[in-house]
Amino acid sequence: MNYLLPERLDRLAREYALGTLAGPARRRFERLLRQAPAAVRAVGAWQERLGGLAGTVPPMQPRESVWRALEQRLFTSSRRAAPEGPLQWLWGVLSVRALGGVLAGVFLCAVLLRLQPGLIGMEPQSEVLPQSYVGLLIDAAGTPTVLASSKRHGRLMTVKLLQPVNIPAGSVAQLWALPRDGSAFPVGVVPGTGTAAVALADTSEKLFFNVSRLAVSIEAAPAKAGDKPSGDFVLSGHCVKLW
Amino acid sequence: MVLMSHREPPLVKKDLAALLSRVALGDRAAFEGVYRATCAHLLGVAFRILNSRERAEEVLQEAFMNVWHGAGGFDASVAGPMTWLINIVRNKAIDALRSGRTERASTSALDEEAMAVAADETQQPQALLERSLEALRITGCMGELGAPQRQALALAYYRGMVHTEIAEALGAPLGTVKAWVRRGLDRLKACLEAAGIA
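One line per chain: the protein sequences are A and B, in this order. For the first sequence, the positions run 1 to 243 when the numbering used here is used. For the second sequence, the positions run 1001 to 1198 when the numbering used here is used.
Please keep in mind that the hints were generated in silico from the structure rather than gathered at the bench. Everything numeric in this text was worked out from a predicted model, so none of it was measured. Accuracy of the hints is not assured; some may be wrong.
[Claimed, not checked] Within a straight-line C-alpha distance of at most 20 Å, the following computed SDA-like cross-link-like pairs (lysine to any residue) qualify:
hint, chain 1, residue 1, chain 2, residue 2
1, B, Lys1178, A, Lys228
2, B, Lys1189, A, Lys228
3, A, Lys228, A, Ser183
[Stated by the list, open to error] To be clear about the criterion: a stretch of chain A counts as covered by chain B if any three or more of its residues have a C-beta under 8 Å from a C-beta of chain B, and this derived list gives those stretches:
hint, segment
4, 38 to 52
5, 62 to 75
The beta-carbon is built from N, C-alpha and C at its ideal position, and this holds for glycine as well.
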């Protein structure tokens, strides 16, 4: 069935936006939304129309615990992995705020040294790029779309969008690593545009040593360790060692 | 609060869009700004659908997880920032409602909660719809629809009901309800266009 005939698309888009499209038909339409910008636009127009009906819903203040839980889930996962034992007190002292200050200091130093390497008598030693893992992901049409790179022994992956990726509202673009032997594991969530730093679960060397490809799928929520991609990859490409 | 209205003044809409673009770059302060400005309105929307503060707050939290990770997907040319946020929350609430129903079907402990929803099911959504139509200044235009047609639209939008549930709530045949909803949406579109809103 061709869902993209304008009349049929509009009928599905409005039932989806209203919520009366249910069950497998709703899931099928969500899959279509990941692939067809025309469907995204049709739904967007109906959401905008229906949005006018939400203005009179009485507001309800969430409990503060909702925000705290959200902050904890999003921003303090590294603290949960803090070592137990004699050094545990140190993690208590190093609050997120303190850590932010330390990182800002490190960043400022790095910028100063980059601008004025002579300050400490340090000149650039080499023009060779650092040892890194690099992936270039292309879309179905072969257009380079995501550049992912991380230093060999680093725990941060920089993801740069070379062209915007269409991520339907309520979904996320999930990056996966595909090892040569073994099944895909989640790396992190990539934005639809711009650049982002993705915190890695381990060093690149440990995670990507056996990884030959990277890929992105659209998921309803960020994948957790052990999750598998729910559908087709919208982007994929080789993952190579830069040394 | 100004942001609680869907038809935000352009400046506020622009501010919210600007905050979302900063969230896409990983700006936590901007993320908190978006949350503080919109959470009460969004929780209200989720609560109407789920009729449980706990479940609505869970949905709000899940929705904002997606906002943090997916703010890059916000495209101002497709929908306004508040529409985008409402849509994430409504979709999550609708999914939670429908998955909850399957669980509830096998238990009887929650029947009282279900009864409470039923009692209030048809009245409140209709009152909300009427007030919205007044705020949008399309009451007269929408008045061409019969009361049951407006009621069907209200139950679908505010309660997240599907056709069969609306048919049951209003005691009407399924085919009739489908036609009511369809005509309700057609009329809404026509009235908004005539009022120069959409």
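Outcome of the hint check:
1. B:Lys1178 x A:Lys228: 37 Å, violated
2. B:Lys1189 x A:Lys228: This hinted pair is violated, its Cα atoms lying about 40 Å apart.
3. A:Lys228 x A:Ser183: 8 Å, holds
4. 38 to 52: Check passed, 11 qualifying residues.
5. 62 to 75: Three-residue rule met by the segment 62 to 75 of chain A, so holds; n is 9.
Comparing the model with each earlier hint shows violations of hints 1 and 2; every other hint is respected.
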